[in-house]
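Below, each chain spelled out in residue letters.
Number of protein chains: 2
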Amino acid sequence: MDLTNPPPTDLWQQTATQILPLLLTSQITVETYAKSLLSRINTRNPQIKAWIHLDETQILARARELDALPPSQRGPLHGLAIGIKDIILTADMPTQYNSPIHYTTSASGIDAPVVRALRASGALILGKTSTTEFAATTKGNVNQNFTRNAHAADRTPGGSSSGSAAAVADFQVPVAFGTQTGGSVVRPASFNGIWGVKWTWGAVSTMGVGMYSVTNDTLGVLGRCAEDLELVSRVLRVQADDVADSKEVNIEGARIAFCRTHVWGEKAGEGLRRVWGRARALLEAGRARVEELELPEEFANMSKWHAAVQSGEARNSFLGVYLADKERLDASLCAHVENATNVSRKALLEAYDGCARPRPVWDRIASEYDAVLTPGVPDEAPLGLDWTGDAAFNTMWSILHAPTVNVPGLKGKNGMPVGLTVVGARYTDMRTLNAARHIGKIFESQTS
Amino acid sequence: MDLTNPPPTDLWQQTATQILPLLLTSQITVETYAKSLLSRINTRNPQIKAWIHLDETQILARARELDALPPSQRGPLHGLAIGIKDIILTADMPTQYNSPIHYTTSASGIDAPVVRALRASGALILGKTSTTEFAATTKGNVNQNFTRNAHAADRTPGGSSSGSAAAVADFQVPVAFGTQTGGSVVRPASFNGIWGVKWTWGAVSTMGVGMYSVTNDTLGVLGRCAEDLELVSRVLRVQADDVADSKEVNIEGARIAFCRTHVWGEKAGEGLRRVWGRARALLEAGRARVEELELPEEFANMSKWHAAVQSGEARNSFLGVYLADKERLDASLCAHVENATNVSRKALLEAYDGCARPRPVWDRIASEYDAVLTPGVPDEAPLGLDWTGDAAFNTMWSILHAPTVNVPGLKGKNGMPVGLTVVGARYTDMRTLNAARHIGKIFESQTS
Numbered sequence: 001m002d003l004t005n006p007p008p009t010d011l012w013q014q015t016a017t018q019i020l021p022l023l024l025t026s027q028i029t030v031e032t033y034a035k036s037l038l039s040r041i042n043t044r045n046p047q048i049k050a051w052i053h054l055d056e057t058q059i060l061a062r063a064r065e066l067d068a069l070p071p072s073q074r075g076p077l078h079g080l081a082i083g084i085k086d087i088i089l090t091a092d093m094p095t096q097y098n099s100p101i102h103y104t105t106s107a108s109g110i111d112a113p114v115v116r117a118l119r120a121s122g123a124l125i126l127g128k129t130s131t132t133e134f135a136a137t138t139k140g141n142v143n144q145n146f147t148r149n150a151h152a153a154d155r156t157p158g159g160s161s162s163g164s165a166a167a168v169a170d171f172q173v174p175v176a177f178g179t180q181t182g183g184s185v186v187r188p189a190s191f192n193g194i195w196g197v198k199w200t201w202g203a204v205s206t207m208g209v210g211m212y213s214v215t216n217d218t219l220g221v222l223g224r225c226a227e228d229l230e231l232v233s234r235v236l237r238v239q240a241d242d243v244a245d246s247k248e249v250n251i252e253g254a255r256i257a258f259c260r261t262h263v264w265g266e267k268a269g270e271g272l273r274r275v276w277g278r279a280r281a282l283l284e285a286g287r288a289r290v291e292e293l294e295l296p297e298e299f300a301n302m303s304k305w306h307a308a309v310q311s312g313e314a315r316n317s318f319l320g321v322y323l324a325d326k327e328r329l330d331a332s333l334c335a336h337v338e339n340a341t342n343v344s345r346k347a348l349l350e351a352y353d354g355c356a357r358p359r360p361v362w363d364r365i366a367s368e369y370d371a372v373l374t375p376g377v378p379d380e381a382p383l384g385l386d387w388t389g390d391a392a393f394n395t396m397w398s399i400l401h402a403p404t405v406n407v408p409g410l411k412g413k414n415g416m417p418v419g420l421t422v423v424g425a426r427y428t429d430m431r432t433l434n435a436a437r438h439i440g441k442i443f444e445s446q447t448s
Numbered sequence: 001m002d003l004t005n006p007p008p009t010d011l012w013q014q015t016a017t018q019i020l021p022l023l024l025t026s027q028i029t030v031e032t033y034a035k036s037l038l039s040r041i042n043t044r045n046p047q048i049k050a051w052i053h054l055d056e057t058q059i060l061a062r063a064r065e066l067d068a069l070p071p072s073q074r075g076p077l078h079g080l081a082i083g084i085k086d087i088i089l090t091a092d093m094p095t096q097y098n099s100p101i102h103y104t105t106s107a108s109g110i111d112a113p114v115v116r117a118l119r120a121s122g123a124l125i126l127g128k129t130s131t132t133e134f135a136a137t138t139k140g141n142v143n144q145n146f147t148r149n150a151h152a153a154d155r156t157p158g159g160s161s162s163g164s165a166a167a168v169a170d171f172q173v174p175v176a177f178g179t180q181t182g183g184s185v186v187r188p189a190s191f192n193g194i195w196g197v198k199w200t201w202g203a204v205s206t207m208g209v210g211m212y213s214v215t216n217d218t219l220g221v222l223g224r225c226a227e228d229l230e231l232v233s234r235v236l237r238v239q240a241d242d243v244a245d246s247k248e249v250n251i252e253g254a255r256i257a258f259c260r261t262h263v264w265g266e267k268a269g270e271g272l273r274r275v276w277g278r279a280r281a282l283l284e285a286g287r288a289r290v291e292e293l294e295l296p297e298e299f300a301n302m303s304k305w306h307a308a309v310q311s312g313e314a315r316n317s318f319l320g321v322y323l324a325d326k327e328r329l330d331a332s333l334c335a336h337v338e339n340a341t342n343v344s345r346k347a348l349l350e351a352y353d354g355c356a357r358p359r360p361v362w363d364r365i366a367s368e369y370d371a372v373l374t375p376g377v378p379d380e381a382p383l384g385l386d387w388t389g390d391a392a393f394n395t396m397w398s399i400l401h402a403p404t405v406n407v408p409g410l411k412g413k414n415g416m417p418v419g420l421t422v423v424g425a426r427y428t429d430m431r432t433l434n435a436a437r438h439i440g441k442i443f444e445s446q447t448s
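Chains as they are written, first to last, in the UniProt record's numbering: chain A, 1 to 448; chain B, 1 to 448.
Treat the hints as calculated values from the structure; they're not laboratory data. Hints may contain errors.
[Unchecked claim] Each computed BS3-like pair below joins lysine-lysine, with the alpha-carbon atoms no more than 30 angstroms apart:
id, chain 1, residue 1, chain 2, residue 2
1, A, Lys247, B, Lys346
2, B, Lys267, A, Lys346
3, A, Lys304, B, Lys413
4, B, Lys304, A, Lys346
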């Protein structure tokens, strides 16, 4: 490829890490880059349906503004196109939460702090990506879009960060933001065969982000390589304070735990069992020291506690829309407000206190390994678009506030992606990403 | 007072509990009521400076809309005027966070869920009340307003819910919403001699509310009687699930703990010492069984942990505005992002885990008493408007996630109010309010 005058038709294929040096040095204009992505989107999105708001005129105007910036004023993400899940406020685009209560063509004038940080770093906010209602149901994107899996139009892309995952996997944008309360970053990343990190709880501000369960709600980013997630994480200062954070993990000799968790027996499907064995074989072939990790007894309660906290907090989160407009609110969200599952305040408090105890225990366990691998999904993406799939393998890590990274590369029996999760101690996001990158290279090298 | 044709000049004096039956039954129109409040505001606010946004035309138009509702469609707060702290999103009014970065005359079109719930219940959102920058400094309301204490123009109203407290105390509005991260509801309530409740963390959704420290940020409401706080709390469904919640507390024979906390020795001023003794004497005269309560040793760490969590989370909360516009961000908030106090991620995690352990311990202790009284402020409101005062007696309860109620009625040596706090176990907000109401009646009856 001639980088001084590259064929625009190829630009949409670039990862963030590949395109950024070209944008920063004006070898490619942001406008040219944006037009390339738009051509891909115009060709593919009618099938994929990843976007809820995408305004070509707005995008190109912003691209030209970025092009007009002298190099000294360009930020570390200069011109990089980023998709934003449609439960995150954007000043110049509507935010609709896939809820009829919030349908609008008006922009709020407000950027969530994370969007403000991205813009301040030079990013080109491309548009808003589809989600499930309030990112809080597993019903596909029933109201606004039936977003498709990028690898199979008849399969779910997962949820609730459906559009972000599908758009990235389909090369319509290099990176996109998601959120996770149960498994809403890791699951769609896994089903679409891309990278995704859910950061340590609290590491990136969730102000201006739709709230479902404040104890679990966390931001994350999806991309097509680990380096892109590392890049965005650095810009958002997710790094820990210690130097070990930036040390490269060497798979040869690395101590890698395989942690099935208590969920395995009930949930592990054929696809997961297949990639689990394959991953172990590949890492052992790469001379990693692989061990099975069994978690202490109390961790078996985490799924139950997560469910109680999620319901108990959703009861409060959705009271406003419920009182204002319950006829237009999904029945499952009304049920939260009405406390249909009968989670008492007492049970909520027991769940809070219960899941607080294992958090430091998990941090200590994780610190004994170079990486911990754990399942991300029970199997390949389910057939159909009505159900976004099962978060059973994700909820424990969400409420432990641990960073989780979906590592793609391995596949189930139908050739659909089945990701595995690398999970770290709280605030070791960069180290966890680094380990995941090296593990991902092993997966890719053996399967391509 | 002739209720069928009351003198409009008196309506602004009414509490919510007094005015609501008149509004609900059309004995008074919402428009007449609003005009009465506006006359009070126009007379007094030039001195008090409690409001950041107040649009008479908008208020009266909305009042007439409410008047047009048939009785069957009227909500439980029909026509009740409510002030909203200016870090809470309101669809039809700008939200400015007292930050030059957010100065605007535009409304976002978005109601925070709590505002949506209030509107759905029939409330008349009157306007936006002043605060400190992002409700996260102790610098008075330096950018937009120097709000005055309702009792003394040369004293701070407290912060960061400055305008809400001053407006309520000055009879400009019967109730107003605040938020608390350290002591931002209880402190201004105490300094202005009014009632204020900071609810159990998470009990009312903080979506659409400016985020400072997600582990501590909590909503609350200020009013001129306990009944008004109980009313609003019921509408927002803050009640627990158990029936004990609604049982009336009888002061005669009630077991009431006086809890000085570990902060007392360093912080208790003359005003606090005076009301502390007076409260004890009054309750003993009312035949309560008063006991001193000494907290377990580990509670002495709560203030330190609160400071670490608040700084550590503020580091992430203000990254967006910092990257976009740090020249217009208060130096103390820049210092959070730059981690000037050197709170490592490790220290943040230790503080998270440290303060999680005493939460259920506190719940058990609190449940042994009919009420626990504790200091709310070190003394009367400080002279001057530059500093909103000390939250030293509040931060422990904030990070314990406990509901706290400021009980007014007692005074320091300059005749300025010094409130005491009734603090309960998590999710016993209604029981705590009930106990506080009865204690408040004892204070009032003896001092009036």
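How the hints compare with the structure:
Between the alpha carbons of Lys247 of chain A and Lys346 of chain B the distance comes to roughly 18 angstroms, so the proposed pair stays at or under 30 angstroms and holds. Using a Cα cut-off of 30 angstroms, the hinted pair Lys267 of chain B and Lys346 of chain A is violated, with the two alpha carbons roughly 34 angstroms apart. The hinted pair formed by Lys304 of chain A and Lys413 of chain B fails the criterion: a straight-line CA distance of about 54 angstroms is larger than 30 angstroms. Straight-line distance between C-alpha atoms of Lys304 of chain B and Lys346 of chain A comes to about 28 angstroms, which keeps the hinted pair within the 30 angstroms bound.
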